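Participant: Full structure from sequences and hints, please.
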Amino acid sequence: MLEIKNLHVKVGGKEILQGIDLTVNAGEVHAIMGPNGSGKSTLSYLLSGREGYEVTKGSVTYKGQDLLPLSVDQRAAAGVFLAFQYPIEIPGVTTMTFLKTALNSVRKARGEEELDAPRFLKLVREKAKPLNVADDMLKRALNVGFSGGEKKRAEILQMSLLEPTLAILDETDSGLDIDALKVVADGVNALRSPERAMIVITHYQRLLDYIVPDVVHVLSKGKIVRTGGKELAGELERTGYAEFAA
Amino acid sequence: MVAVRETVETVDKVAGEKYKYGFTTDIESERAPIGLSEDTIRYISAKKEEPQWMLDWRLEAYRRWLTMEEPAWAKVEYPPIDFQSAYYYSAPKQKAKLDSLDQVDPKLLETYKKLGIPLLEQQMLAGVAVDAVFDSVSVVTTFKEKLREVGVIFCPFSEAVREHPELVQKYLGTVVPTTDNYYATLNSAVFSDGSFVYIPPGVRCPMELSTYFRINEAQTGQFERTLIIADKGSYVSYLEGCTAPQRDENQLHAAVVELIAHDDAEIKYSTVQNWFPGDENGKGGIYNFVTKRGDCRGDRSKISWTQVETGSAVTWKYPSCILRGDDSRGEFYSIAISNHYQQVDSGTKMIHLGKNTSSRIISKGIAAGKSSNTYRGLVSVHKKAEGVRNFTQCDSLLIGDQSSAHTVPYIEAKNPTAILEHEATTSKISEDQLFYCMQRGVPAEEAVALIVNGFCRDVLQQLPMEFAVEAQKLVAISLEGSVG
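Each protein sequence line maps, in turn, to chains R and L.
Residue numbers for the first sequence follow the working numbering, so the first one is 1 and each next one is one higher.
Residue numbers for the second sequence follow the working numbering, so the first one is 1 and each next one is one higher.
Hints in this document: simulated from the structure, not taken from any laboratory.
Any given hint could turn out to be false.
[Unchecked claim] Okay, the calculated beta carbon distance ranges per label pair:
#1 L/P80 x R/Y86: 48 to 56 angstroms
#2 R/N6 x L/M465: 14 to 22 angstroms
#3 L/D432 x R/G64: 26 to 34 angstroms
All of these numbers come straight from a predicted model, not from anything done at the bench.
The C-beta atom is built at its ideal place from N, Cα and C for all residues, glycine as well.
Facilitator: The structure is reproduced here in structure tokens:
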């Protein structure tokens, strides 16, 4: 699904990623853990195609193709989804309108028929229900005045609608109390499937109690310094990142 | 900036075909002799078979105009206009007067079809009555019969002068006098046609009334005159749309619109202005110098202006309300979008004369490319106007780093009981917002349109439903090539 080889990335002239190697197969959930400033968010932005991230060396192959020449929206259409740590407010655009625009853009790019209003509405309600996203929330401007939990649920709702093949969750646990975390984690777990790969980026082990990964990587100073099974997360929780930061 | 640059390049490629109304219709026309003189005015008046009082009114305005100077206070720049090199009257040639749509030149009907105006009555299920003005004359007014049944008069201005002279004489120039300003005075002298509406007391106009303006002839100025009177307790909603062919030269459009609302009457006036804005290098386009004013003459009357301004090379326009009647209300909702080299100086005036009058101003300016977008507004409260309320909100959105937005509010309160609020914001479409939308699969240009439509939502909601959809699309079209 995703193959990253010797990836070096510069941001604002500074090398943040210094030789990442990572292979994620379909059906797998990989966790990337690491201290602040280790390059976790850089990796997620780089994969989704954000401007200002310069690849100086290495390659990223996605479904057998070079991912790097694709624009942000092309990557989205190809199935790359990023759940934001801090979802962005879009004033005046209702969540419903945004979801419809996004879904139909992606469907169009994938050569699928765009959904009309009744079919779309039915689909959204179906997907929104398990995430406790009420109609009232769908009528409000996207992320404007949303609580932390509402924002994250809206992110997972988008993911569920767009049906990505590679989902990257950037610090999805930040700003969530334990109940909200459970709802979000249930939503994510429901989307686990043999065709879908996920990369879960987190600072804390807490999230991984609910979204149990197949593989855990530790990122430090722009490199993956350790890789292990799900028990590695627990170990880190006890020892902290001190040994990697040194 | 790779994605953005690609988008800009793609758009540059299609820039030539961007203004989809830029066609001309090959149709025979008759024009007044070039230039402006008393003879030109006599020619127009004669063509319109006007009575003497109308000609005298025009000539008086013309003599006045000769003594006036072009205003220079607006934040717009353009070379001096040579008023002697334009034509002031142009009409599609017709054999005789028209009795029905069947007699209209098929080419004209074809043009309106291209513009998306459902002129033929059988297509008019939506219930919109249309008066179409082609260059200087009103070509056809649909749905006249149905309106006549309830006593509504909706006809070309020239027809009103002939058939309802008592109404025209009573109201013409009472809101925008012939002496008002340079362009309004010019219009008073040379106006060729426009629409006339009279709603009798207590009548709620059964359909939206609509006028469609189109400049077709080269070198021709368009000077239409619209007069709407809502008698006591009546209601009317009026829509106005404008387009012009794409030409290298600048063409002048100097219209005057007068609205009069008597006791308990309400007028809702909506405009979607999409005159040719000039090309991406700032060549050509319409000079849109328009005077629009409503008079809330009666108590508890209400006038509401809603405008979506996307076209014209230079816009100079301040739809205003004189709140004369006690408890009357004025509203102004505006979206002004400028791209490339367009210059907009637009806003409103709310003149509070009566007691407990209230007004609301919501202005959304969006500046892209190298354009300049100015909101200029006046809220004035006179000495005897007790209990006045005003709320003003001016939001500007900048796209790119070469556009500019300005807000110039004037507030004059001479009565201490007035409560006036003014809010203003300026923001940019953030990189974060664009990235977020694109990450969800929305291409850059569509993402900008989505964000801008969200920004304009408060105003778009004021438009009649079918117009709002069109306006949203127009917002997207006028911002093509603006990402960067």
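Participant: State for each hint whether it applies.
Facilitator: Each hint tested on the structure:
1. Our hint of 48 to 56 angstroms for L/P80 and R/Y86 holds, since their Cβ atoms are close to 53 angstroms apart.
2. Separated by about 57 angstroms at the C-beta atoms, R/N6 and L/M465 break the suggested range of 14 to 22 angstroms.
3. L/D432 and R/G64 have their C-beta atoms about 31 angstroms apart, which keeps the hinted 26 to 34 angstroms range intact.
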